[in-house]
Amino acid sequence: MDLATFWFIVLGVLWTGYLVLEGFDFGVGMLMPVLGGKRYAADAADAEKRRRVLLNTIGPVWDGNEVWVLTAGGATFAAFPHWYATLFSGFYLPLLLILVALIVRNLGFEYRHKRPEARWKARWDLAIFWGSLVPALLWGVALTNIVRGVPIDANKEYTGNLFTLLNPAGLLGGLVFVTLFLTHGAIFVALKTDGKIRHEARQVAERVGVVAAVLAVALLLWLGLTDGKLASWVTTVVAAAALLGALAANRVGREGWAFIGTAVTIAMAVATYFLVLFPNVMPSSTNPDWNLTIANASSTDYTLKVMTIVALIFTPIVLMYQGWTYWVFRKRLTVKHIPEDAPRETVSR
Amino acid sequence: MDATDLARWQFAITTVYHFLFVPITIGMSLIVAVFHTAWVRTHNPQWMRLAKFFGKLFLINFALGLVTGIVQEFQFGMNWSDYSRFVGDIFGAPLAIEALLAFFLESTFLGLWIFGWGRLPEKLHATTMWLVHIGTVLSAYFILAANSFMQHPVGYTYNAASGRAELTDFFAVLTNKVQLVTFPHVIFAAYMAGAGVVMGVSLWLMRREAKAAADDAQDVARTDAPMYRTATRIGAVLTLVAAVGVTITGDVQGKIMTEVQPMKMAAAEGLYESVPAGDGAPFSVLTVGSLDGSHANAIIEIPGLLSFLATGNFEGAVRGINDLKTEYAKTYGASGNPRVADVATAFVPNIPTTYWTFRLMIGLGIVTALIAIAVLWLTRKGRTPTARWLAYAAVAAPLLPVFANSFGWIFTEVGRQPWLVFGLMTTANGVSPSVSMGEVITSMVVFTLLYGALAVVEIKLFLHYVRKGAEPFEEPQDPADRDEDAPLVFAY
Numbered sequence: 001m002d003l004a005t006f007w008f009i010v011l012g013v014l015w016t017g018y019l020v021l022e023g024f025d026f027g028v029g030m031l032m033p034v035l036g037g038k039r040y041a042a043d044a045a046d047a048e049k050r051r052r053v054l055l056n057t058i059g060p061v062w063d064g065n066e067v068w069v070l071t072a073g074g075a076t077f078a079a080f081p082h083w084y085a086t087l088f089s090g091f092y093l094p095l096l097l098i099l100v101a102l103i104v105r106n107l108g109f110e111y112r113h114k115r116p117e118a119r120w121k122a123r124w125d126l127a128i129f130w131g132s133l134v135p136a137l138l139w140g141v142a143l144t145n146i147v148r149g150v151p152i153d154a155n156k157e158y159t160g161n162l163f164t165l166l167n168p169a170g171l172l173g174g175l176v177f178v179t180l181f182l183t184h185g186a187i188f189v190a191l192k193t194d195g196k197i198r199h200e201a202r203q204v205a206e207r208v209g210v211v212a213a214v215l216a217v218a219l220l221l222w223l224g225l226t227d228g229k230l231a232s233w234v235t236t237v238v239a240a241a242a243l244l245g246a247l248a249a250n251r252v253g254r255e256g257w258a259f260i261g262t263a264v265t266i267a268m269a270v271a272t273y274f275l276v277l278f279p280n281v282m283p284s285s286t287n288p289d290w291n292l293t294i295a296n297a298s299s300t301d302y303t304l305k306v307m308t309i310v311a312l313i314f315t316p317i318v319l320m321y322q323g324w325t326y327w328v329f330r331k332r333l334t335v336k337h338i339p340e341d342a343p344r345e346t347v348s349r
Numbered sequence: 001m002d003a004t005d006l007a008r009w010q011f012a013i014t015t016v017y018h019f020l021f022v023p024i025t026i027g028m029s030l031i032v033a034v035f036h037t038a039w040v041r042t043h044n045p046q047w048m049r050l051a052k053f054f055g056k057l058f059l060i061n062f063a064l065g066l067v068t069g070i071v072q073e074f075q076f077g078m079n080w081s082d083y084s085r086f087v088g089d090i091f092g093a094p095l096a097i098e099a100l101l102a103f104f105l106e107s108t109f110l111g112l113w114i115f116g117w118g119r120l121p122e123k124l125h126a127t128t129m130w131l132v133h134i135g136t137v138l139s140a141y142f143i144l145a146a147n148s149f150m151q152h153p154v155g156y157t158y159n160a161a162s163g164r165a166e167l168t169d170f171f172a173v174l175t176n177k178v179q180l181v182t183f184p185h186v187i188f189a190a191y192m193a194g195a196g197v198v199m200g201v202s203l204w205l206m207r208r209e210a211k212a213a214a215d216d217a218q219d220v221a222r223t224d225a226p227m228y229r230t231a232t233r234i235g236a237v238l239t240l241v242a243a244v245g246v247t248i249t250g251d252v253q254g255k256i257m258t259e260v261q262p263m264k265m266a267a268a269e270g271l272y273e274s275v276p277a278g279d280g281a282p283f284s285v286l287t288v289g290s291l292d293g294s295h296a297n298a299i300i301e302i303p304g305l306l307s308f309l310a311t312g313n314f315e316g317a318v319r320g321i322n323d324l325k326t327e328y329a330k331t332y333g334a335s336g337n338p339r340v341a342d343v344a345t346a347f348v349p350n351i352p353t354t355y356w357t358f359r360l361m362i363g364l365g366i367v368t369a370l371i372a373i374a375v376l377w378l379t380r381k382g383r384t385p386t387a388r389w390l391a392y393a394a395v396a397a398p399l400l401p402v403f404a405n406s407f408g409w410i411f412t413e414v415g416r417q418p419w420l421v422f423g424l425m426t427t428a429n430g431v432s433p434s435v436s437m438g439e440v441i442t443s444m445v446v447f448t449l450l451y452g453a454l455a456v457v458e459i460k461l462f463l464h465y466v467r468k469g470a471e472p473f474e475e476p477q478d479p480a481d482r483d484e485d486a487p488l489v490f491a492y
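Chains as they are written, first to last, in our numbering: chain E, 1 to 349; chain S, 1 to 492.
Same shape as in the complex, but just chain E (with noise of 0.2 Å):
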């Protein structure tokens, strides 16, 4: 195996780290009406703390989860430098909805705890929602995009627009993507907390997953018949019974082996992606001539081989630090421990 392919394999595990941990996150945030709104809420306060709840599940793990996206986009850019430049100059108001969607996110959780007022959490809450919902979508169109192929020329420039990209398949991936951090996130809520809480996200987790399955299934199902290999029809097929199993788990109360499922449910989808796009790495649906490959698209052996010296070095203490983090913050949350909101200050002197 060349460098070039092993990077691809590389990028690969970027993004399923990036989907599997920021897809809970994304999760969460979309849920943040559901689990902290009145359907399930006794009043207002309540609502609040249940919100607090559900933020403080991610609180400590959600801007290391993010870096993942970082990582992928940095070797994306050294790995594959035309993939990149491809990529986010054609994607590009895509990509603008995804970065305003994670800034206006990422400062929801960060500054709405920050003051007591009512209209201000409100904002920020719609901020954390669609700020987690508009990213899930868009990622899902644009990746699907990209396993499918999208109009590039010659001289390896998109000559697309927007509404190229929002085709049924691509926004079948969208809905897909939507469907299945639902069901990971409230997965994850049901294994992060105690008490009511935990039981709905349960039931969330069941009604939700139920529609992500069948989405699933139908879109990979699309994607190999069109162009599958038998080992993408391997991944989809353990796709699929992983999210069976997890549903399955998730109804009999074993949570952790129903966050195992969703995570492996979405690995494997995206282990289906990157073999169906193999060895192309942005197919040009123009001409086949003008695919980019991993052959064509990527750096050369040298700065390949300084990265992945680098990689194999520090990717393992990344696992382990970041993976000690969840260790710390393992143990369940319930309403109680969520601190009462600091009364609306009078400024001292």
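Computed from the model, here is a short list of chain E residues facing chain S with C-beta under 7 Å:
#1 71
#2 73
#3 106
#4 314
#5 337
If you are wondering where the hints come from, they were derived from the structure by calculation, not from laboratory data. Where is the CB? At the ideal position from N, CA and C, for every residue including glycine.
Based on these hints, arrange chain S on the given structure of chain E.
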């Protein structure tokens, strides 16, 4: 205005904005780590109160630095795709390594620091903030290595067949001589900014506490004024130490710049005609009239200073814009490099911009240092002065060094123009060919409005927390024997 101009404006707006928060993050993470360590060492309540108080302000600032940083990484590909193709081999590597080594470290350990109160053993907890600080410094190292390549390309070869610059020596990129002096210069400048925030905020609160005590005829020593006085002095000392570091590294940087980018040095002064050795080129502090070389009139001039800045000798020769223009045209214009094709007219940056930003960078830095000296003098031997002008000094102390940072970057980036990568690629050749004017206008408007709104939110929140001051001391829980059902010490 064409797509290139728009892409440049967008890059300028988003980058300058991002870099308002970055130096404060680098500097404040150090100071919060110091406060937190002082608490662990002495268990004097004031250190924990200061660590938590400045930690909060740090987080408000960090959040915006973080989110605007994501834009930066995406923007190279979005707006500068031809640049990304051309140098991805070299420029991408430090960016990817920055994410792997620095971003993970910062974000993971910051999460541990925020939520670690009462959960992590105290020594380990203080260590997490040091790791955050190390992360910010590592981040600066790699992104500056990438930038230094643009100022002075090294460790690469041009592959005519692929039309791309290819990496040949990564170590050379990391130890670029421009990088080795830019990195400490930027870090010291960041320490000035972080220290400026701590000095300014503490000074303001010290004055408020001392004044209130005086008004109520209370004993100042029993208020929080002495605690803020200590923090003020720590900020002032770090400001001065960092100012010395900035000056020394800046001086070396000037000489290296004269060697590798002589046009930038000439542009810093608006020096049109070369000054031969022995004459000594003066440095003008202020100029009236135009800076286009026709009738610039320096009204305050320091003889020989430009020669000294450029060469280390008050009588050293300094080449002027006109000579360099001819020389650059000969060297690069006729090189046959297709990425220089658009520079038919000149290799000269925008002189008024380089001239004034260079002076503002230095001038604001000097004023910051003077404030620090005055503050140290006035607060000597336990004094807690309440003079009215100190309130203004408190507002200026954080702002001036941050703006000095901005002006330094505007100078160094505008001074490199028309180059994107010096000698290899002009800015106009780096822009994304597939991105339309409409798309760039859309993103520029969106970013400008969003960033403007966020600035208002951020500043209001920051000032709100400054006014609240440090929380009263609370005995920390021991993570070993705490009540499992007790509320979290810190929660979103």
